[in-house]
Amino acid sequence: MEKNIGKIVGVNGNLLTVAFSKPVVQNEVAYALLGDTRLKSEVIRIRGNNAEMQVFEDTRDLVIGGDVEFTGELLSVELGPGLLTQVFDGLQNPLPELAEKYGFFLQRGKYLRALDGEKQWEFTPTAKVGDVVRAGDALGSVPEGIFVHQIMLPFGIQGKWTVKEIAGHGFYTLDDEVGKIESEDGKTRDVSLSQRWPVKVPIRAYAERLKTTEPLVTKVRIMDTFFPVARGGTYCIPGPFGAGKTVLQQITSRHAEVDIVIVAACGERAGEVVETLREFPELIDPRTGRSLMERTLIICNTSSMPVAAREASVYTAVTIAEYYRQMGLNVMLLADSTSRWAQALRELSGRLEEIPGEEAFPAYLESLIAAFYERGGVVRLNNGETGSVTIGGTVSPAGGNFEEPVTQSTLKVVGAFEGLSRARSDARRYPAIDPLDSWSKYPSVVDAADVETGRNILRQGNEVSQMMKVVGEEGTSINDFLVYLKAEYLDAVYLQQDAYHDVDGATSAERQQYVYGKLTQILRSTMTFKEKDEARKFFQNLTQVTMDWNRVHEGTDEFKSLESKIEQMLAEVTKDA
Amino acid sequence: MHKVYHRIDKIAGNVITIRAEGVKNGELAEVTSPHGASLANVIRLDEDQVSLQVFGGSRGIPTDAKVRFLGHTMETAFSESLLGRVFTGIGVPRDSGPTLTDNMIPIGGPSVNPAKRVIPRNMVRTGIPMIDIFNTLVESQKLPIFSVAGEPYNDLLARIALQAEVDIILLGGMGLKYDDYLYFRDTLEENGALSRTVMFIHTAADPTVECLMVPDMTLAVAEKFALDNKRVLVLLTDMTNFADAMKEIAITMEQIPSNRGYPGDLYSQLASRYEKAVDFEGAGSITILAVTTMPGDDVTHPVPDNTGYITEGQFYLRNGRIEPFGSLSRLKQQVNGRTREDHRQIMNTMIQLYANYRETLEKQSMGFRMSSWDSKLLKYGVRFETELMALSVNIPLEEALDLGWKILADCFEPAETGIPSKLTDTFWPKK
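Protein chains in written order, with numbering that gives the first Met the number 0: chain P, 0 to 576; chain A, 0 to 430.
The set of hints was computed from the structure by calculation and includes no laboratory data.
Please read these numbers as outputs of a predicted model, since none were measured by experiment.
Accuracy of the hints is not assured; some may be wrong.
What the hints assert, rightly or not - If you anchor each label on the Cβ, the simulated ranges turn out as follows:
#, chain 1, residue 1, chain 2, residue 2, range
1, A, Ser391, P, Ile477, 52 to 60 angstroms
2, A, Gln48, P, Glu117, 48 to 56 angstroms
3, P, Glu256, A, Asn121, 30 to 38 angstroms
4, A, Gln162, P, Gly71, 39 to 47 angstroms
5, A, Glu29, P, Tyr101, 31 to 39 angstroms
6, A, Ser391, P, Ile354, 51 to 59 angstroms
7, A, Pro256, P, Asn455, 44 to 52 angstroms
To be verified - Listed below are the simulated DMTMM-like cross-link pairs for lysine to aspartate or glutamate, each with C-alpha atoms no more than 25 angstroms apart in a straight line:
#, chain 1, residue 1, chain 2, residue 2
8, A, Lys378, P, Asp60
9, A, Lys429, P, Asp547
10, A, Lys362, P, Glu533
11, A, Lys375, P, Asp532
12, P, Lys531, A, Glu412
13, A, Lys9, P, Glu473
14, A, Lys2, P, Glu473
15, P, Lys118, P, Glu293
16, A, Lys375, P, Glu533
17, A, Lys375, P, Glu293
18, A, Lys375, A, Glu361
19, P, Lys100, A, Asp227
20, A, Lys362, P, Glu472
Beta carbons: idealized from backbone N, C-alpha and C, even for Gly.
The task is simple: from the sequences and hints, build the whole structure.
Below is the structure:
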């Protein structure tokens, strides 16, 4: 086929205007040629015979009249075995391989294939000749680390197909044909171990979408107990800078009870990304006893990498998440931060000279955010199994103000809101999720009535605390003061958690149920104190013992002895009641 | 070889537009007018119209000025002979030394591959407890100092430069008052640090466009030194001036403005500079400390706001002190687990109690009776402020931690601090 070549007629930042003569497709990929260097770009608007293209690279040295080669393909990723453990940029370039080949810097125009084309995978067929199959159905599988990686029919094919040929058990590369299928109208096509999929289109090769009901344990107490996330659900963590968004995401990526974690750094700090990059291979997954990296994939587009690639990064990440979901796995996608992605959209919109919406964000911001989060969910596959994609996105609102468009658009479409507060992080109350502002529509890991008790105490405690600011401690009744102390106690020993402590850093659902049950008992009990100082003293001591309790492994002697110490202390102040 | 153009179609702000062919995006040109020559670079191509920003400013440029394209993008010289020298934002000597033209390197190069970074791991000791204990500075960190006019931010910057253990200091001055430039030069010289320093200084009186080049010149040189295994400290002051210069150009170019008139790519522009902070695998490092003055002390202003989301923490300078709330070193966790086992606990506990002290102060100002707990907090807060918070304190980390325990023990019982028993058993001073 003859190449479709256009000519550059304008360069403005990373936006190119290209005159074309043969048909081009909206969102198709094209390469601006600069000597031997090919700069990847995407068509984002067409006006008459000019295509406006966003370049995923620095546009320095491009000239008017330069050639642009259109590919006819939408921005796509390669899906197949070998994705896990990888570190890709937003366009699915493997970063470690790029570093090996080109050194310290990300030289523009240097692209490598996402997956290793040489590697041989051990294929075991599961379909038979004559089977009738649809898009997404498996023909066989290969082992990928701890998972059985299904080799599925391309997601884009329509209707029913018949298996005409299938390879026997053996070793194959990604490009080897392992099956041949025929459609009802007699067309045939080959199936290999990998396929390509356009990132901006959701994969829908499943039977139906199900309701999200099951809690997803993150081992962060305030989340699981008070503001839970569901498997296949969506949540957002907005917060001003420094309130602890990234640390919270990192903890979740380690402890959440899912099969696969995809971390998408869309415009975050390289210093933080490199932590995940370097630490994950060293960390042992408590569930598998193997490196955490074996069930992790990182999409890394740091803040200094080209803005257009940042825009693509969330789509690349969610497409890969959907791919593993199609195998019946539970996938968690953590996007940090979606505001950076939204800012990338704003930047491009500005270059296109579109009429700006609220805070100069494009008018379509809301629908793009909604469409992204809607790619999460639990689905029933054609074979009856279920798979899920849970999406957790951080939001970095300008000035920490939750009224801004990105936070507000996100709140409309997510199931849980873990709002971080500056006041809590200033007071070093981590995780700084605000217990009064946050909400969740998903079920908790502990009893709903007990959660309500805690919530009431927190609410009332806050009211008393506000009141004390007006009338002083002396103007507060001892009963009100006790409510305040109970709220502070619950906050200190349960809502706060030391992310860097081996034991306190991750609390299992069982332990949460056990400990929270005990705390509810304390919160509900009637205590007698002669004066406020005595009450404060009691709670200070109780707090310290309970925090010590949080820091020991459950079931140990120390755990039991601290527990009985707490019971003893409680008995002493409740005996007269 | 390069064609010379004589006809300027449009002059707006510092941007001129001519009709020319074969010009590369980002290319440099020399604009010659009766007042002298200035460099300019191409910032936009639209068919045969080429827009250039003129570094020397457009004042006095006639429509028949000579424009000659140079065929390459902005460069700076790089060699050991840069050390001890002072240049303008576009690399012209500001001191009496010779112009350097050998070994020219491009500026504004590509981003470091994250796979070639190592996890930041070395603490940079400063002797300032508010930094060492509470907001530990780490090699390769990028950290702004959020401040308002009038605060001693340049003094703090200079002091950290002198006390921090690094090989090379690079100072990028943007919109500096001439006095401030002289202050930096003299302070570094008096303390014998000038010979390991290179300065790129744009003063308030210089043309705006030159301001834009300062971070890129400084960081390109820093990168080269770091690749030569040097530990480099880059000081940038003041990044708000840099952002304002960008705003000026963007508006002149009739770009659609984003928040408060700043260009839509403010975040990307700031990030591509700050992200040059790096610890290279198998080579040296770049640590960036930058001043960001906040107009009206407003941290939600687009410049500090965007900066906060890019950098690895921030020091708030207020009333001559590093403010404990809001100040943050994101990388401190990388190093303070290995300093001393009580470091993290002291760091958290003392700030929590200081937050309580602030609340008590409020209660006191409203005339409420002080409980015995309040009195303890009042005693604590004052001692914390004078003995640990003051910027004049200069003691090693270990000494500062001991002092922390002493202050706690003088004011509280162990259980009142919420410190786990295991630590109080070891560290609580015996009376």
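Results for each hint:
Checked against the given bound of 52 to 60 angstroms, the beta carbons of A/Ser391 and P/Ile477, roughly 45 angstroms apart, lie outside it. Remark: the range hint 48 to 56 angstroms for A/Gln48 to P/Glu117 is upheld by a beta-carbon distance near 49 angstroms. P/Glu256 and A/Asn121 have their C-beta atoms about 36 angstroms apart, which keeps the hinted 30 to 38 angstroms range intact. Judged by the Cβ atoms, the range 39 to 47 angstroms given for A/Gln162 and P/Gly71 is violated: they are separated by roughly 60 angstroms.
Taking 31 to 39 angstroms as the suggested C-beta distance range, the pair A/Glu29 and P/Tyr101 conforms, at roughly 33 angstroms. In this structure the supplied range 51 to 59 angstroms holds for A/Ser391 paired with P/Ile354, their Cβ-Cβ distance being about 54 angstroms. With their beta carbons about 48 angstroms apart, A/Pro256 and P/Asn455 fall inside the hinted range of 44 to 52 angstroms. As the CA atoms of A/Lys378 and P/Asp60 are separated by approximately 64 angstroms, the hinted pair breaks the 25 angstroms bound.
Distance check on the hinted pair: A/Lys429 and P/Asp547 sit about 22 angstroms apart at the alpha-carbon level, within 25 angstroms; holds. The suggested pairing of A/Lys362 with P/Glu533 holds, with an alpha-carbon distance near 20 angstroms, which does not exceed 25 angstroms. As the CA atoms of A/Lys375 and P/Asp532 are separated by approximately 13 angstroms, the hinted pair is consistent with the 25 angstroms bound. A threshold of 25 angstroms between alpha carbons decides the hint, and for P/Lys531 with A/Glu412 the separation of about 17 angstroms falls inside it, so the pair holds.
Between A/Lys9 and P/Glu473 the CA atoms are separated by roughly 73 angstroms; this puts the pair beyond 25 angstroms, and the hint is violated. Under the criterion of a C-alpha separation no larger than 25 angstroms, the hint pairing A/Lys2 with P/Glu473 is inconsistent with the structure, at around 85 angstroms. Taking the CA atoms of P/Lys118 and P/Glu293, the gap is about 17 angstroms. The hint holds against a cut of 25 angstroms. Distance hint between A/Lys375 and P/Glu533 is fulfilled; the C-alpha atoms sit about 15 angstroms from each other, no more than 25 angstroms.
For the hint linking A/Lys375 to P/Glu293, the alpha-carbon distance of about 52 angstroms lies beyond 25 angstroms, and the restraint is violated. Pair hint A/Lys375 plus A/Glu361 holds up; C-alpha atoms about 15 angstroms apart against a cutoff of 25 angstroms. Annotation: proposed proximity of P/Lys100 to A/Asp227 holds, straight-line Cα distance about 20 angstroms (limit 25 angstroms). Simply put, A/Lys362 and P/Glu472 have alpha-carbon atoms about 9 angstroms apart, close enough for the 25 angstroms limit, and the pair holds.
Checked against the numbered hints given earlier, this structure breaks hints 1, 4, 8, 13, 14 and 17; the rest are met.
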